[in-house]
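Residue-level listing of the chains:
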Amino acid sequence: MSSILILIPLFGVMILNLPFRSVMKRLAFWFAAVLFLVQMIVAVFHHSTIWGSSMTIFDPFFKVDFLTDNLSFIVLLAIGVVSLTSLIVARYTLKDENERFNFINLLIIASIGMSGIVMVSDIFSLYVFLEITAVSAFILIALQKERQALEGAFKYIFLSAIATIMMLSSIALLLLLTGGTSFAAIKAVVSGPGASFFGKFAVGLFLCGLFIKGGVVPFHGWLPDAYSTAPSAVSVLLAGIITKVSGIYTLMRIVISVFGFDVHISHILMFAGAVSIVTGALAALGQSDFKRMLAYSSISQVGYIVLGLGTGTMLGILGAAFHLFNHAIFKTLLFVNSASVERETGTRNMDSLGGLSAKMPVTGATSVIAFLSTSGIPPLAGFWSKLMIIVALWMSSNYAYAVIAVAASALTLAYFLSMQRRVFFGKVAEGLENIKEAPGGLVFVSIALAAITIGVGLAFPVFYTQLIEPIKELITW
Amino acid sequence: MTLNTILLIIMTLMALYTVVARSLLKATIGLAVTSAVMTILMFNLDSPLAAVFELSVCTGLITVVFASAIALTKPLTHKETIEVSKNKFRRYWYLPVIMVLSGVFMAFSNIPSSLFQPQAAAGAEDVRHVLWNARQLDLFGQIIIMLAGAFSIVILFKEVRKK
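Protein sequences appear in the order of chains A and B. Under the numbering used here, the first residue of the first sequence carries the number 240, and numbering increases by one thereafter. Under the numbering used here, the first residue of the second sequence carries the number 165, and numbering increases by one thereafter.
It should be emphasised that the hints constitute simulated quantities derived from the structure, not laboratory data. Where a beta carbon is used, it is the ideal one built from N, C-alpha and C, also for glycine. Incorrect hints may appear among the rest.
Stated by the list, open to error - A short, non-exhaustive set of chain A residues, derived as facing chain B with CB atoms under 7 Å: (1) 371; (2) 374; (3) 375; (4) 652.
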């Protein structure tokens, strides 16, 4: 499996950049599309023996123990879905052929980085793949070299560099303490009550670095600028999956499989999660830029994942993993819709828009599905994951945090209703009378993502049993 | 005062110079010297493999890449350079303070010195094993990062030149 997700994409990027670039430029889109489709199939049908038998030529190449468990598969699936969506959005929003070709190359590199993060079992290799993802993300944000995008990319580089310093220092300390960098070696020394001061200090440093990467409050300064100034296809990728994998998935993996839970880690996670939920929701209420509002909404939703994880209970962790997947899907849908609106109207300012549902009915309708799911309205996918998190908080006697989580859902509904009213409902705004629905490809993507949101919600018992419940195996305490 | 302490002080001063240097090229040279001094420290601390990598990659390759990238940028005028320099001093005045305070903290704290002693270093015969077996995935990771770096130069510099 490692060959399909790391080696083949890597050789693919190299071949795409060999001579005959005009031919390669035409092939690049289809090559990337097949890669991401295969990734989705591998993640869903991971039990199949086909992967083991068909890749015998390549698989012995890596002399590394990859960590592929049920948490990895659900995130690999989300990476495949969001990367494919971003690729399709780029086809309609990046006009220049060279720009599109560079985008596809970097998208494949970013997906290798993310798949690597999900599959490694060594903290230094984790850092290497985090850097691959981050470097690709910086360049993708600055792809069109516009002033604001360069500023957004610079803020991301700057804060990401601070996160890198923290994580590298932590890894150095852990290496000194444990003599190794594998998850197992570190777990044996730093988890449990007998951990030394330097062990705890290293854990704290690493967690702070991950909070920056995940855009958790108060380390979120870079996120609204990076999300809102990047090209639409890049915003889809950043908001949909890059920050989820580099910050939030890594946080889950490191806490569950390496550092372990103790009272302090639980309190820090729940406090940071609750602050992110409220700060993100309140900031989203005051925005008039469509993408910036979605960026603050992401901060708020990431807060739910961190809050669920912080409970340290089985239900809370399963809810956090499920919300991570759901958020990847519905936030990607919302960013695709914002890309469609920006493409057709030329603006993201919600005060200049209005009545677009009459002109863009599919975009308007799928946007309603996405925001209802984000707000936790039944029977959509977001309802179930939020319910699991809130029940986990209540059952672990964290009543105040449970009340905050419920109240913030009302705030989420408020800012999304405000967005829907300003952009899609009411009279068609002046100058937008001749607007048409987005191109077929973008409409298709919106419908597919909305169908996933509805489908996962309606078939929750099946999805839960097949993909979420098996994550229980990871939780050994 | 041992040789290592003197080298450590030189390395720290050079690192500071790298941050506050007026021109990017001088900062690059500062970084190369910092890296070269670190190489000597690594040899002294019985880590010849790490030292060779530091010398070839950090002192050599990275300096060449930085110098090439700087050659693609538009140089600042003398007036602009002085302005940037003043701003840098204003922005980073706290760096030497942090450095001195950290040194004082380390000197008077009860951190066991054994914690910072270099552990077993890889011998020459272990190099192939370390690179190809133990850290193979990181080696691939580095190749991918270099690929991403090449794209960044193409995207951010080459096309700007064309325009």
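Here is what the structure says about each hint:
no.	hint	in the structure
1	371	5 Å, holds
2	374	5 Å, holds
3	375	5 Å, holds
4	652	40 Å, violated
When the structure is compared with the earlier hints, a violation turns up for hint 4 alone.
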